[in-house]
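Make a model of the complete structure from these sequences and hints.
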Amino acid sequence: MSSTQQPGHLISNNPTGTYLCSASANTLNQIFETPFDAQMSRTQARPLVRRLVSLPHATTLAFSSGLTGAIVLATMRISITNTWLGALVGAIPALMGATAAGAPLNQLSSWLPAGLIYVWQFPHFNSLAHTLQRDYCWAGYQMMSNVTAELNSRVSLRYALMTIPLCSYLVPSYGLTNQLFGWISLIPKLFLIEPAFLFWLSTPIATPILSYSKTKELVHKILNCEGTKARQDLEAKKLFWASLIHLPCVLILMMVCKSSQSQDDINGEIKE
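Taking the numbering used here, I'd label the letters of the sequence shown as residues 1 to 272.
These aren't lab readings, by the way, just hints derived from the structure by calculation. All residues carry an ideal CB built from backbone N, CA and C; glycine is no exception. Where hints are given, some of them may not hold.
As the list claims (entries may be wrong) - Label-pair restraints from in silico Cβ distances:
id : residue 1 : residue 2 : range
1  : A45       : L67       : 23 to 31 Å
2  : N29       : K229      : 44 to 52 Å
3  : M255      : M40       : 42 to 50 Å
4  : M40       : L251      : 20 to 28 Å
Here you go:
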């Protein structure tokens, strides 16, 4: 990729932060214009005019989206926390979809699809960021892949492993799918965890914890893995493509293994 092209997370965070700030400005505009909008036929159908949304709720949305958008744009260049914040923003659409379907926010089942998207983003983006280290460095962005490559790969593996309890236990236990999904989903999860493990294994040891370092050295000797830059790049690319395949496979399996309770709820909404 040439230096004039924008890295992947920049392409994601830039429009996200801009969108949130724009949403804040638009909401504030409608708050201030409500008395005048009520007098014009063109704008009488707006939510605040019709009182479909209360003024306190609109104000909360305006300030929270504006603040979040500003933070997203600001942290892109000053801290590696931009990855966690970007993943949080990336998971919000799944939560919005759940609430749009009528799922209450006070139930954990409403948050599980967003949780799945959240944990998936780390092996997906961290592997991409590794291949774009030079671009991020030139642009002055503080990314895990630039600050500490070992943390970058370790976080990728950690969140790849988190897909097991999330999909194999929580999703079926809270009625989003049947129990069969918990077992079948192990297949795409293992195809994600395996390259994440090799990506972590290929990176240099950078932790002061002796037992951790010794364990990793032992695994290196057993598997005869050399932590060269070429090996790291290869494993990062494998993990990136595995993550692209993993998410649609899991989501398709969730639909195929949909629980009877979820199907009854959908049928009830269609009849209504």
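Problem set entry | Numbers of the earlier hints that this structure fails to satisfy, in rising order | 4
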